[in-house]
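There are 2 protein chains.
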Amino acid sequence: MVLVPSISMNEDPAEAADVAAARDRETQLSKFSQTLQHHQHEQQARVASSGNEEANAVDHEKAVGHTERSRWLTTAPEPPSAWREVVDYLRGMGLPSGSEFSSLNKKPVTQRVACVLKAIFPVLQWCRGYKATHFKNDLLSGLTLASLCIPQSIGYATLAKLDPQYGLYTSVVPPLIYAMMGTSKEIAIGPVAVVSMLISSMVTQIVDPGAEPVLYRNLVFTATFFAGVFQAVSGLLRLGFLVDFLSHAALVGFMAGAAVVIGFQQLKGLLGIAHFTNRTDVVSVLQSVWKSFHHDSWNPYNLLLGSAFLSFILITRFLGRRNRKFFCLAAISPLISVILATVLVFVTRADEHGVKIIKHIKGGLNPISAQQLQFSSPYIGEVIKVGLVIGAIALTEAMAVGRSFAAMKGYHLDGNKEMVALGVTNIIGSITSCYTATGSFSRTAVNFSAGCETPVSNIVMAITVLMALELFTRLLYYTPVAILASIILAALPGLIDLHEAYHIWKVDKMDFLACIGAFVGVLFVSVEIGLLIAVTVSFVKIILISIQPGIETLGRLPGTDTFCNVDQYPMAITIPGVMVVRVKSSLLCFANANFIKDRIMQSTGGEDEGERKMNDFQTTQLIILDLSNLMSIDTSGIASLEELHKNLVSHGVEMAIVNPKWQVTHKLRLAKSMSKIGGKAFLTIQDAIDACPNAKLASI
Amino acid sequence: MVLVPSISMNEDPAEAADVAAARDRETQLSKFSQTLQHHQHEQQARVASSGNEEANAVDHEKAVGHTERSRWLTTAPEPPSAWREVVDYLRGMGLPSGSEFSSLNKKPVTQRVACVLKAIFPVLQWCRGYKATHFKNDLLSGLTLASLCIPQSIGYATLAKLDPQYGLYTSVVPPLIYAMMGTSKEIAIGPVAVVSMLISSMVTQIVDPGAEPVLYRNLVFTATFFAGVFQAVSGLLRLGFLVDFLSHAALVGFMAGAAVVIGFQQLKGLLGIAHFTNRTDVVSVLQSVWKSFHHDSWNPYNLLLGSAFLSFILITRFLGRRNRKFFCLAAISPLISVILATVLVFVTRADEHGVKIIKHIKGGLNPISAQQLQFSSPYIGEVIKVGLVIGAIALTEAMAVGRSFAAMKGYHLDGNKEMVALGVTNIIGSITSCYTATGSFSRTAVNFSAGCETPVSNIVMAITVLMALELFTRLLYYTPVAILASIILAALPGLIDLHEAYHIWKVDKMDFLACIGAFVGVLFVSVEIGLLIAVTVSFVKIILISIQPGIETLGRLPGTDTFCNVDQYPMAITIPGVMVVRVKSSLLCFANANFIKDRIMQSTGGEDEGERKMNDFQTTQLIILDLSNLMSIDTSGIASLEELHKNLVSHGVEMAIVNPKWQVTHKLRLAKSMSKIGGKAFLTIQDAIDACPNAKLASI
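One line per chain: the protein sequences are A and B, in this order.
Heads up: the first sequence at position 221 corresponds to 221 in full-length UniProt numbering, and the numbers run straight through without jumps.
Heads up: the second sequence at position 463 corresponds to 463 in full-length UniProt numbering, and the numbers run straight through without jumps.
Warning: the hint list may mix true and false statements.
Chain copies aren't distinguished; within one or between two, either way the pair holds.
To be verified - Listed next, the in silico DSBU-like pairs over lysine-lysine satisfying Cα-Cα at most 30 angstroms (straight line):
no., residue 1, residue 2
1, K291, K359
2, K291, K136
3, K672, K131
4, K291, K325
5, K359, K118
6, K362, K672
7, K409, K385
8, K359, K136
9, K385, K118
10, K385, K506
11, K118, K417
12, K136, K409
13, K509, K291
14, K646, K672
15, K680, K506
16, K118, K646
17, K385, K131
18, K676, K506
19, K676, K417
These are computed hints drawn from the structure, not numbers from a lab.
For reference, chain A alone in the conformation it holds in the complex (with noise of 0.2 angstroms):
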């Protein structure tokens, strides 16, 4: 009953072994032959009983058997050509020419008129069901949000290298654009630290804001103009998945990096420093710091009052997160801070004894600045880079804010909807003296926090904020300037989640290199450095997951049909005679084919030459190669294939496939391979194990 190849028996010293390997193997064999028996059983107990009852319903069902099942697979239509694919794939990410559309026309003009204005301007659609109770919670957050939105925007243009009232108009209408536009209810739209910093990082590369104060602050209304451009246009290409493609793990390191690079460089202001680097790397700052205190050109004073307040801050927050009373004492405490180290400096003329003040602040309306955009500069090229990477960035941020917030409360944002209206807002803010906006972490989640409803909360702050330009920017003249960096300091913690780096270490080692990756690229070489860094891991592990050579044998779970990993399913049966073997990568490609295919040989013993061929008898007469895990295969995947099955049919195997995907049969018939490759090809294990008399033989 048993097949055991006679060779085995009667040749070299190590008899014994192989004596005790073959009766292993015989009871296996028996034990296999068991099973197969009761799986006949089950098959014709199966057909029979199916055709004892409902035998109308079941007449198809009846017929039909592995072999019409295997004809299926290879009849099966033609999958979409790839040009096919990507329309099918923007119709997916929603195109205009999609439903939406096709209803409209059915529709009266003023109606379709009114749609199509509801879908560009949400607010359209909100403001209907707006009440006075809403009004109450979204004055109070909106109220809270412009008491931290104030010096903040002074603080940010400072690290922008721009005046302060540039960060105060950035303020303005950027949040009056967006609520019309957005579909988010709490982002808080406004100048960023990371943006800011990231802006003064790239265009001091262009030109140096000390010597040219004019040209660079127009250079940065332009990239703002740019990066406008390409966010709304990304939207209305429906290109909403490029915000993913910076990972989340790499945007965790990304924003740690920037955060501590920014924690370094508000140095300068803590300590009152006069000349300072305009590099970003933690290197050139502290040499720069080193500097400073070499030659005693830093005042303590400023470090004293800076770090007073620093403490307050942080204290005032750390009670608020204990207690919910303390909230709002939290949320004010920087616009406090502000108002007690003025005062102070005013009443000591500590200015006098070398604490840095803001000093001139030009109040009123934002100025127009359409006519400052340099689209005839020699920079232009630069410039357009800038606002690429600039506009990615704070679509990343304020996706991932407006996600997040979004996810809280259950409700969906719409991607590409967003980017347009982001996009539009930065268009408006570079011709209204504005550089980029974004929606902020810390004041979404105090916009959040304080209760608000809907985005007129942005509407409320970005009026506080314009009555404070026209009013107040006189009484900011002795606003020392350490206060500034103790505010930005004190918004720093939460871009840095430690919490978050942990879980992803703990998940994906990989994604934890990404995350680090760009973490040390942005401290220690630069902003673009740090993307590109993570960027590339995260593709290269894409590659490296996609190519992973190797096999995994299967067998059949006890009870189904069903072959699964033996090493992660222990209970599975394998089949003696016969050895069913997955491609675990889901490419067969120049990368990956040769490797696989000598896998394979190997572990039929097909491989070994001369010596072993001898001593070890052969246990394998079919080889199932599932094929399931497949997406594509190049014409190396074939030629390996090919090479395969020829080298296996000269050691006296079988080969047959499983369940090839669609794009595989394709190919492979496009290819003309089927042939070449025996023809065996199945929808299922079993349907292969009950077509080759081969495997019946060794099992039988």
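Keeping the supplied structure of chain A fixed, place chain B upon it in accordance with the hints.
Here is chain B on its own, set in the frame of chain A:
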């Protein structure tokens, strides 16, 4: 019996259509309920039949329900760590720690040494069985090879911008070394066109061969040394897979591009142009030719001579292909051409009328060049880079040649041994005045056709070339340069495989893009850019396929428990109320997770807001997410699965996941996400349907 949510019937004017749709669905449902009933009967019958017979064998199987199987899934052992995978991978590559050496330890010392020697020098293995009949064939093919090799070597040396004797040297030592260490029987080792062109184009960028011929030559030897080191080290470290990274398609394009470039360069010799560009791109070459035409610095006799003998070689080859009898004539026609042309020039003294001749070739044995390797040269960095590129290309070519002929004769080529052999060949070559040698396409084909049996044909060839070097170099004084150009030109068509390019185009458009990218890059920019384009396109293709976003709807194949893509298998039956979707990509990661999540939400109708929700009724009560395609998942993927579950639940839809792979299960467990996505994980789709009460509700 049929559950149609009542909201669908009593709103909006488009009622009629809805009613019709509902009716359709009703019909479907009743059909399905029949199918399901049948299926349940089937299952009962199966359990009954297995209960009746072979009670012992199947005791275990009977008890196993979907709950048990689901438990198997969630309690699978931990998958091997990344480190373990790498170790296993290296084992698979056949690292010396494997079985080879463990069996070795049992043997006495002398046998062990013999074993190791045999592994390093395969010649010791095959020479024992070497017979006189073998030698007869090898002698014949070796001589045929030499007759082709001598003129080609001289030609390729001029292509590499070296003196002619260096080509001959490269045909002496490398074949001898390779014959000792190589495992291929047919491959003909020596200088080849593409490597010669590559070496001259790359080293020319470092020093000008016209101005500093000695330094240039020394750098070529040094580059050859590093190419050899790279090859040998790759082989020893079992990095044979690196060769595969230049995909087949890219190689086809690269070879064709290189052939065209070499062809255009031959215009120099064919037209007898004195001043020629050092650049390899077609535009520079044609400009150079145009200038020469303009300044009349070319000579028509060269062209006449070259074209006449080119025609002769091509005609004899054509005859040789049509008729086996002329094969020998075709093989030695280059040698005949050289002899005839030399005699012709000597007799007519054509060199005095502008026909360029080779003049002096230094005869004698290969001089030692160990002293000339430039390890302390300032160019060492660049030379190492050149060595790497040349080593890689030479390896790729040799492996492609060796593998294709090994496959023809049905034996296996050990990639790593080949790499070591080729590496040692080139290292020894570099200290004996040879430049980089590798397997030649054209000469290997001749060797094979001439009936070689073992690497002895290479030895015969080497000795013949050596004799020519000792005795006949003076006779080549009057050989016209144009004849060398014709010989090179005649070898080029073999490098352009239009048929294969068409095949690639037919099977895989992206592969063809890599092919044409390499071709265009080599032709119009430079060899390195061509390679870079090819490799980039190949890897971008891998990324695109791996992250291609999308889902496919699955249906049950009649007569089975197998669920398949309904587009691929139109006979598959979908289940009303239950939506079975499979993620198409092999990775659920940052790049596609959000898109896939949105897509699934759309397909359930859960995405629509406001109006549409009222019109359509919700058909889906259960989403079964088949994760079997996923090789891995990252933190973004896990987050989007959690979000998807939350969204689905909020729309009243249940979600179950089916057959997550080992890594995916593990990562979900690490992230503690199993419960967050509902905890419903099943091994098969049928199990999921059986286990979810909602689904039963909908379908019975």
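Here is what the structure says about each hint:
1. Only within a single protomer do K291 and K359 lie at most 30 angstroms apart by alpha-carbon distance; the minimum there is 26 angstroms, versus 69 angstroms between protomers.
2. Taking the shortest Cα distances, K291 and K136 never come within 30 angstroms of each other, neither inside one copy (53 angstroms) nor across copies (83 angstroms).
3. Taking the closest pair of Cα atoms, K672 and K131 never come within 30 angstroms of each other, the shortest separation being 69 angstroms inside a single copy and 41 angstroms across copies.
4. Proximity of K291 and K325 under a CA criterion of 30 angstroms is satisfied in neither setting, with 45 angstroms inside one chain copy and 87 angstroms between copies.
5. With identical chains, the CA atoms of K359 and K118 are never at most 30 angstroms apart, being 45 angstroms at best within one copy and 86 angstroms at best between copies.
6. Neither within a single protomer nor between protomers do K362 and K672 lie at most 30 angstroms apart by alpha-carbon distance, with minima of 76 angstroms and 53 angstroms respectively.
7. Proximity of K409 and K385 under a CA criterion of 30 angstroms is satisfied in neither setting, with 36 angstroms inside one chain copy and 56 angstroms between copies.
8. Proximity of K359 and K136 under a CA criterion of 30 angstroms is satisfied in neither setting, with 36 angstroms inside one chain copy and 100 angstroms between copies.
9. Taking the shortest Cα distances, K385 and K118 never come within 30 angstroms of each other, neither inside one copy (33 angstroms) nor across copies (60 angstroms).
10. Taking CA atoms no more than 30 angstroms apart as the test, K385 paired with K506 passes in neither setting, with 36 angstroms inside one copy and 38 angstroms between copies.
11. Taking CA atoms no more than 30 angstroms apart as the test, K118 paired with K417 passes inside one copy only; the shortest distance there is 12 angstroms, against 70 angstroms between copies.
12. Taking CA atoms no more than 30 angstroms apart as the test, K136 paired with K409 passes inside one copy only; the shortest distance there is 19 angstroms, against 86 angstroms between copies.
13. Proximity of K509 and K291 under a CA criterion of 30 angstroms is satisfied in neither setting, with 39 angstroms inside one chain copy and 59 angstroms between copies.
14. For a Cα distance limit of 30 angstroms, the shortest separation of K646 from K672 inside one copy, 15 angstroms, qualifies, whereas the shortest one across copies, 47 angstroms, does not.
15. For a Cα distance limit of 30 angstroms, the shortest separation of K680 from K506 across copies, 23 angstroms, qualifies, whereas the shortest one inside one copy, 43 angstroms, does not.
16. Taking the closest pair of Cα atoms, K118 and K646 come within 30 angstroms of each other only across two copies (28 angstroms); inside a single copy the shortest separation is 64 angstroms, beyond that limit.
17. Taking CA atoms no more than 30 angstroms apart as the test, K385 paired with K131 passes in neither setting, with 44 angstroms inside one copy and 71 angstroms between copies.
18. For a Cα distance limit of 30 angstroms, the shortest separation of K676 from K506 across copies, 17 angstroms, qualifies, whereas the shortest one inside one copy, 46 angstroms, does not.
19. With identical chains, the CA atoms of K676 and K417 are at most 30 angstroms apart between copies only, with a shortest distance of 29 angstroms across copies and 52 angstroms within one.
Violation of the numbered hints given earlier is confined to hints 2, 3, 4, 5, 6, 7, 8, 9, 10, 13 and 17; the remaining hints are satisfied by the structure.
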